[in-house]
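Position chain B relative to chain A; hints supplied.
One line per chain: the protein sequences are A and B, in this order.
Using this note's numbering, the first residue of the first sequence is number 33, and each one after it goes up by one.
Using this note's numbering, the first residue of the second sequence is number 2, and each one after it goes up by one.
Simulated from the structure, these hints should not be mistaken for laboratory data.
In this text, a Cβ means the ideal position worked out from N, Cα and C, and glycines have one as well.
Certain hints may be false.
[What the hints assert, rightly or not] Covered, in the sense of this in silico footprint (three residues per stretch, anywhere, with C-beta under 8 Å from a C-beta of chain B), are these stretches of chain A:
#	region
1	58–67
2	121–132
3	159–167
4	206–213
5	242–255
6	260–272
7	288–300
[Stated by the list, open to error] As a list, the in silico EDC-like pairs of lysine to aspartate or glutamate whose alpha-carbon atoms are at most 16 Å apart:
#	chain 1	residue 1	chain 2	residue 2
8	A	Lys194	A	Glu128
9	B	Lys208	B	Glu113
10	A	Lys42	B	Glu220
11	A	Lys44	B	Glu220
12	B	Lys208	B	Glu220
13	B	Lys77	B	Asp287
14	B	Lys62	B	Asp287
15	B	Lys223	B	Glu209
16	B	Lys223	B	Glu113
17	B	Lys221	B	Glu209
18	A	Lys213	B	Glu27
19	A	Lys166	B	Asp287
20	B	Lys316	B	Glu198
21	B	Lys221	B	Glu113
22	A	Lys304	B	Asp128
23	A	Lys166	B	Glu283
24	A	Lys213	B	Glu26
25	B	Lys62	B	Glu78
26	A	Lys88	A	Glu77
27	A	Lys213	A	Glu202
28	A	Lys213	A	Glu128
[As the list claims (entries may be wrong)] With the C-beta cut set under 7 Å, the calculated list includes, among others, these residues of chain B facing chain A:
#	residue
29	Glu26
30	Gly30
31	Val38
32	Ile45
33	Leu51
34	Leu52
35	Ser107
36	Ile109
37	Ile130
38	Met250
39	Leu277
40	Thr304
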Amino acid sequence: MVKNVMLYRKLKNTYFWFMVIGFTLFTFIPLFLILKHTFTMGWNELSIDFIFNTPKPVGEYGGGMSHAIIGSLIIISLAVVVSIPAGIITGTFLSEFPKSKVSSILRTFIGILSGTPSIVIGIFAYVIMVVPLKSFSAWAGSLALSLVILPIVTRSTEEVLKLVPITIREAGLALGFTRIKIFYYLLIKGNRRALSTGVILAISRSMGETAPLLFTAFGNVYLSYKLSGPMATLPVQIFNYASSPHLEWQRQAWTGAMVLIMIIFSINVLSKLILSSSERRM
Amino acid sequence: MLLCQQNLAKKLLMVFKMKLTAKLEERLGISLMYIVVLSIIILIFVMFILLFKMSWPAITKFGFHFITSKEWNPVKEQFGAWPFLYGTIITSILSLMIALPFGVSSAIFITEIGPKKLRIFLGTSIDLIASIPSIIFGMWGLFYLVPFIRETLTPLLKNSIGFLPFFQGPSFGISLLAASLILSIMIIPIISSLCRELFLSVPVTYKEAALALGATPFEKIKLAVLAPSITGIVGAAGLALARALGETMAVVMVIGNSPHVSLSLLSPGATMASILANEYAEAGADLHLASLCYMATLLFIVTMLVNSISRFIIKYFKPKAFRGL
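Okay, chain A solo, but in the shape it has when bound:
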């Protein structure tokens, strides 16, 4: 009897073990397939032409996505310039004045913003910039992306600064620092590695965002530096090409996807490297 119960428990254990391993294996199959397909499809078309040239008309062979890559870089750097200082300031505010009324409102708003679907963020940027100016613009796109970046940076800054021991702030006060100096020199500069991983992850997230750019930056077939006009971005360009019926364009979309994945993965690896080197230092 006892032996039977034990056997039953052991069988259950083995069954569970196989289930967990099976499910885990299945989890990684799609990842493997996505990477494999993207790289096999994208590799053939990858060339100097693709990165440094603008698209050719339909039917002609060659051409590239340089306008989209440049557009992405412009829009993301505009977004980063505004939203990263703002996010770091907001995060510092939340961690240093946690009890103030402004903080509780701000925390709610940032929470809401971080959970808002990216398409709704795109519509926010649309109603606030495209409607009054009556034109799709790179400005609106970067506003949308900065709304994506802001909550991520704020959250990570708050998390990092909450871990800083109170003694560090007291040491600053004992030296006669003003609070601003403590925030700047001790909290932000002192934790710049940990903060930069959050920033880098936020940038990598905004690299791949398509939905907020669909009706803000809109997309463009030509290379354009005009910030008040529509501008092409890599994800939107991939979307437009992938949903087009031309085989040539679909192939280019795969190459674009491969370039995008490579950029994002290398940014992620960079952030991991920065984090691990900062841990070693501590």
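For chain B alone, coordinates are given in the frame of chain A:
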């Protein structure tokens, strides 16, 4: 004597100046922080107001009837959100049901079962899946998953459980099912990494106690890992659900964007996010745009509710033993 006094005066002045500048610096700096923070609050608030204002014509015209009305016809200016609400609910619930066992068991494997070296590798690759942009999921779905559903999965389903009303009608691959599958692939990493953190926060003494009572590894995991973190898993599922509700680009490419309600999972449909992405840039008539804004407001409210409920669950239903750890 005079020189000494002058020196003292100078020193005093300097100290005074330093104090003044310090005070000024403090005042300026803190008020600058307040300006930044307040302007962010105002910006977000103004956006809510503007979105509401943009959708006002549709709100006054259709009212709450908008939610239950089935017709979506831009030409006749008849707008109802039910087909999209239906598509959103079906795809996200189905994807959550598919993703939950995978996410939880991969988290169990990574935290409890797998060899140490493999754990780090698997954890990193889960994070990498989470960082793949949704547009690439959508593209892969369109070119690989949709044909797979059309040619392999549909005959399989039809032959085995085809009598169910969910698997009737012709299959073109582009369907609610494809959207659900893509969404589940996308939310597995979220569930997995949230659950990983949960399981790691279970005190080791729990597991040791279970082992000391003679539990098998399965019983240990059931009693000392899963049972204490069950509310956390529910919260994680809620956060993943919110993500699935608002996901746009992957869905828009595989769902077909047709505003029809159909019980069959093999038929094309549309979600709220997908219709926004599809029609927003082309919406000409004012009422059309207003209806889309109304839909965006609805989507925003739904995701906000799901998010805050699941945050609340994670925060307040923690088992007592976890508190203060």
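Structure-based check of all given hints:
{"no.": "1", "hint": "58–67", "verdict": "holds (count 7)"}
{"no.": "2", "hint": "121–132", "verdict": "holds (count 4)"}
{"no.": "3", "hint": "159–167", "verdict": "holds (count 3)"}
{"no.": "4", "hint": "206–213", "verdict": "holds (count 5)"}
{"no.": "5", "hint": "242–255", "verdict": "holds (count 5)"}
{"no.": "6", "hint": "260–272", "verdict": "holds (count 3)"}
{"no.": "7", "hint": "288–300", "verdict": "holds (count 6)"}
{"no.": "8", "hint": "A:Lys194 x A:Glu128", "verdict": "holds, 8 Å"}
{"no.": "9", "hint": "B:Lys208 x B:Glu113", "verdict": "holds, 10 Å"}
{"no.": "10", "hint": "A:Lys42 x B:Glu220", "verdict": "holds, 10 Å"}
{"no.": "11", "hint": "A:Lys44 x B:Glu220", "verdict": "holds, 9 Å"}
{"no.": "12", "hint": "B:Lys208 x B:Glu220", "verdict": "holds, 10 Å"}
{"no.": "13", "hint": "B:Lys77 x B:Asp287", "verdict": "holds, 13 Å"}
{"no.": "14", "hint": "B:Lys62 x B:Asp287", "verdict": "holds, 12 Å"}
{"no.": "15", "hint": "B:Lys223 x B:Glu209", "verdict": "holds, 13 Å"}
{"no.": "16", "hint": "B:Lys223 x B:Glu113", "verdict": "holds, 12 Å"}
{"no.": "17", "hint": "B:Lys221 x B:Glu209", "verdict": "holds, 9 Å"}
{"no.": "18", "hint": "A:Lys213 x B:Glu27", "verdict": "holds, 8 Å"}
{"no.": "19", "hint": "A:Lys166 x B:Asp287", "verdict": "holds, 14 Å"}
{"no.": "20", "hint": "B:Lys316 x B:Glu198", "verdict": "holds, 14 Å"}
{"no.": "21", "hint": "B:Lys221 x B:Glu113", "verdict": "holds, 10 Å"}
{"no.": "22", "hint": "A:Lys304 x B:Asp128", "verdict": "holds, 11 Å"}
{"no.": "23", "hint": "A:Lys166 x B:Glu283", "verdict": "holds, 14 Å"}
{"no.": "24", "hint": "A:Lys213 x B:Glu26", "verdict": "holds, 9 Å"}
{"no.": "25", "hint": "B:Lys62 x B:Glu78", "verdict": "holds, 11 Å"}
{"no.": "26", "hint": "A:Lys88 x A:Glu77", "verdict": "holds, 14 Å"}
{"no.": "27", "hint": "A:Lys213 x A:Glu202", "verdict": "holds, 12 Å"}
{"no.": "28", "hint": "A:Lys213 x A:Glu128", "verdict": "holds, 13 Å"}
{"no.": "29", "hint": "Glu26", "verdict": "holds, 5 Å"}
{"no.": "30", "hint": "Gly30", "verdict": "holds, 3 Å"}
{"no.": "31", "hint": "Val38", "verdict": "holds, 5 Å"}
{"no.": "32", "hint": "Ile45", "verdict": "holds, 5 Å"}
{"no.": "33", "hint": "Leu51", "verdict": "holds, 4 Å"}
{"no.": "34", "hint": "Leu52", "verdict": "holds, 6 Å"}
{"no.": "35", "hint": "Ser107", "verdict": "holds, 4 Å"}
{"no.": "36", "hint": "Ile109", "verdict": "holds, 5 Å"}
{"no.": "37", "hint": "Ile130", "verdict": "holds, 5 Å"}
{"no.": "38", "hint": "Met250", "verdict": "holds, 5 Å"}
{"no.": "39", "hint": "Leu277", "verdict": "holds, 5 Å"}
{"no.": "40", "hint": "Thr304", "verdict": "holds, 6 Å"}
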